[in-house]
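S.K.: Chains A and B are the protein sequences, given in the same order. Read in the working numbering, the first sequence has 151 at position 151, and its numbers run on one by one without any break. Read in the working numbering, the second sequence has 1054 at position 54, and its numbers run on one by one without any break.
No lab work stands behind these hints, which were simulated from the structure alone. Careful, some of the hints might be misleading.
Claimed, not checked - No farther apart than 20 Å at their CA atoms in a straight line, the calculated lysine to aspartate or glutamate pairs in the EDC-like style are these:
| hint | chain 1 | residue 1 | chain 2 | residue 2 |
| --- | --- | --- | --- | --- |
| 1 | A | K41 | B | E1037 |
| 2 | A | K118 | A | E129 |
| 3 | B | K1056 | A | D91 |
| 4 | A | K118 | B | E1044 |
| 5 | B | K1023 | A | D121 |
| 6 | A | K44 | A | E86 |
| 7 | A | K44 | B | E1118 |
| 8 | B | K1023 | A | E99 |
| 9 | B | K1046 | A | E129 |
| 10 | A | K53 | B | E1044 |
| 11 | A | K112 | B | E1044 |
| 12 | B | K1064 | A | D65 |
| 13 | B | K1006 | B | E1118 |
| 14 | B | K1043 | A | D111 |
| 15 | B | K1056 | A | E99 |
| 16 | A | K118 | B | E1039 |
| 17 | B | K1043 | A | E129 |
| 18 | A | K118 | B | E1037 |
| 19 | B | K1071 | A | E99 |
| 20 | B | K1046 | A | D111 |
| 21 | A | K122 | B | E1044 |
| 22 | B | K1046 | A | D104 |
| 23 | A | K41 | B | E1026 |
| 24 | A | K112 | B | E1039 |
| 25 | A | K112 | B | E1032 |
| 26 | B | K1064 | A | D84 |
| 27 | B | K1043 | A | E99 |
| 28 | B | K1046 | A | D91 |
| 29 | A | K53 | A | E86 |
| 30 | B | K1064 | A | E86 |
| 31 | A | K41 | B | E1118 |
| 32 | A | K112 | B | E1013 |
| 33 | B | K1043 | A | D65 |
| 34 | B | K1043 | A | D91 |
| 35 | B | K1030 | A | D114 |
| 36 | B | K1064 | A | E99 |
| 37 | B | K1071 | A | D91 |
Claimed, not checked - Some chain A residues close to chain B (C-beta under 8 Å, calculated; not the full set):
| hint | residue |
| --- | --- |
| 38 | G93 |
| 39 | Y97 |
| 40 | L98 |
Backbone N, C-alpha and C fix where the C-beta goes; we use that ideal spot for every residue, glycine too.
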Amino acid sequence: MADKASTQQAVSLSDLPLPQLKQVKTQLEEELNFLTTSYAKLRKAQATFRECKNSAAALTPAAKDTTTLVPLTTSLYVPGKLSDIEHVLVDLGTGYYLEKTTQDAIGFYQDKCDYVQKSLDKLQETITEKQNNLQSVVNVMKYRLAQQAQSEDKGDN
Amino acid sequence: MSLEAKLEAVGKEFQTIQHNLSKTVEQRQKLESQLQENEMVQKEFKNLNDDANVYKLIGPVLVKQEPTEAKSNVNKRIEYISAEIKRVEGLIKDLSMKQEKKRKEVYELQMAFQENKEQ
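Whole structure, please, built from the sequences with the hints as guidance.
M.R.: Structural data, given as structure tokens:
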């Protein structure tokens, strides 16, 4: 299926005039740009989820009653004691928070990580495909330009 | 000379439509991401006990809310957003059609303009 599509495209590509090829190239480049930014954003989101998961996982029984410094602002901290390591509040999105057991929260963030990973894999596929398309367009353009240069050389002689 | 003025006016109209269209598409994307976020919350609420502690962020404070209320709230929001998406999609369709029409108009005027110049 994919092969068919690419050969079909290759055929139509060699038929296109140079200015149109250029247009296709810029369009592909724009799409690629957008996709790679999305990829980076997803990566960042995944890192956040992973960090949440690790933080929740750090609430082991050994951590109970240890003193911590709780940030009130970015520059003001007050000492606090970890009294409850069993429950955490999880941000579900859209302003809702749910109290979960620490174990559940870890599972929740793991699920989120996996979900993002799936999207990342899909996106990677799309990006590779687009890159291949772009490469073929560039190749055809190069070939065209080389041909043009040759015929001009002949014209000079 | 009036042809030139007309061409300019129609071109401007075309640009306005184009601008509106891109703004509407942007709106559509925003709604889509909102819908997705709400659906995630809904999914999470599905297997919720009635004695679960749900909090809602209002300004800087977390206010405790009944799970059933939170659930129906999210469901309502999803309904609303879905309706909004439908409305915006209709708008996009409408604007696309208008844009296509104007594009043709511009093209025709350009042709006429070109011919006039050559004469």
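S.K.: Would you check the hint for A:K112 and B:E1039, treating anything up to 20 Å between C-alpha atoms as holding?
M.R.: holds, 14 Å
S.K.: Given the hinted pair B:K1006 and B:E1118, is their alpha-carbon gap at most 20 Å?
M.R.: It holds: about 18 Å lies between the C-alpha atoms, which stays within 20 Å.
S.K.: Within a Cα-Cα threshold of 20 Å, do A:K122 and B:E1044 meet the stated pairing?
M.R.: Distance of about 24 Å is beyond 20 Å: violated.
S.K.: Going straight from one Cα to the other, do A:K118 and B:E1039 come out at no more than 20 Å?
M.R.: Roughly 18 Å separates the two Cα atoms, so the pair holds.
S.K.: Does B:E1044 lie within 20 Å of A:K118 when you go C-alpha to C-alpha?
M.R.: holds, 19 Å
S.K.: Minimum Cβ distance from A:G93 to chain B below 8 Å?
M.R.: Constraint on A:G93 satisfied, holds at 5 Å.
S.K.: Given the hint that A:K53 pairs with B:E1044, test it: the Cα-Cα distance must not exceed 20 Å.
M.R.: Since the Cα atoms of A:K53 and B:E1044 sit roughly 17 Å apart, the hinted pair holds (cutoff 20 Å).
S.K.: Is the hinted pair B:K1064 and A:D65 satisfied, with a Cα-Cα distance of at most 20 Å?
M.R.: Answer violated: B:K1064 to A:D65 is near 26 Å, above 20 Å.
S.K.: Mind checking the alpha carbons of A:K44 and B:E1118 for me, to see if they're no more than 20 Å apart?
M.R.: Violated, because 59 Å separates the two Cα atoms, which is more than 20 Å.
S.K.: Going straight from one Cα to the other, do A:K41 and B:E1037 come out at no more than 20 Å?
M.R.: Since the Cα atoms of A:K41 and B:E1037 sit roughly 16 Å apart, the hinted pair holds (cutoff 20 Å).
S.K.: Against the 20 Å threshold, does the CA-CA distance of B:K1046 and A:E129 hold or violate the hint?
M.R.: Roughly 37 Å between the alpha carbons, so the hint for B:K1046 and A:E129 is violated.
S.K.: Taking 20 Å as the top limit, are the C-alpha atoms of A:K53 and A:E86 close enough?
M.R.: holds, 14 Å
Hint check: violations occur at hints 5, 6, 7, 8, 9, 12, 17, 21, 31, 32, 33, 35; the rest are consistent with the structure.
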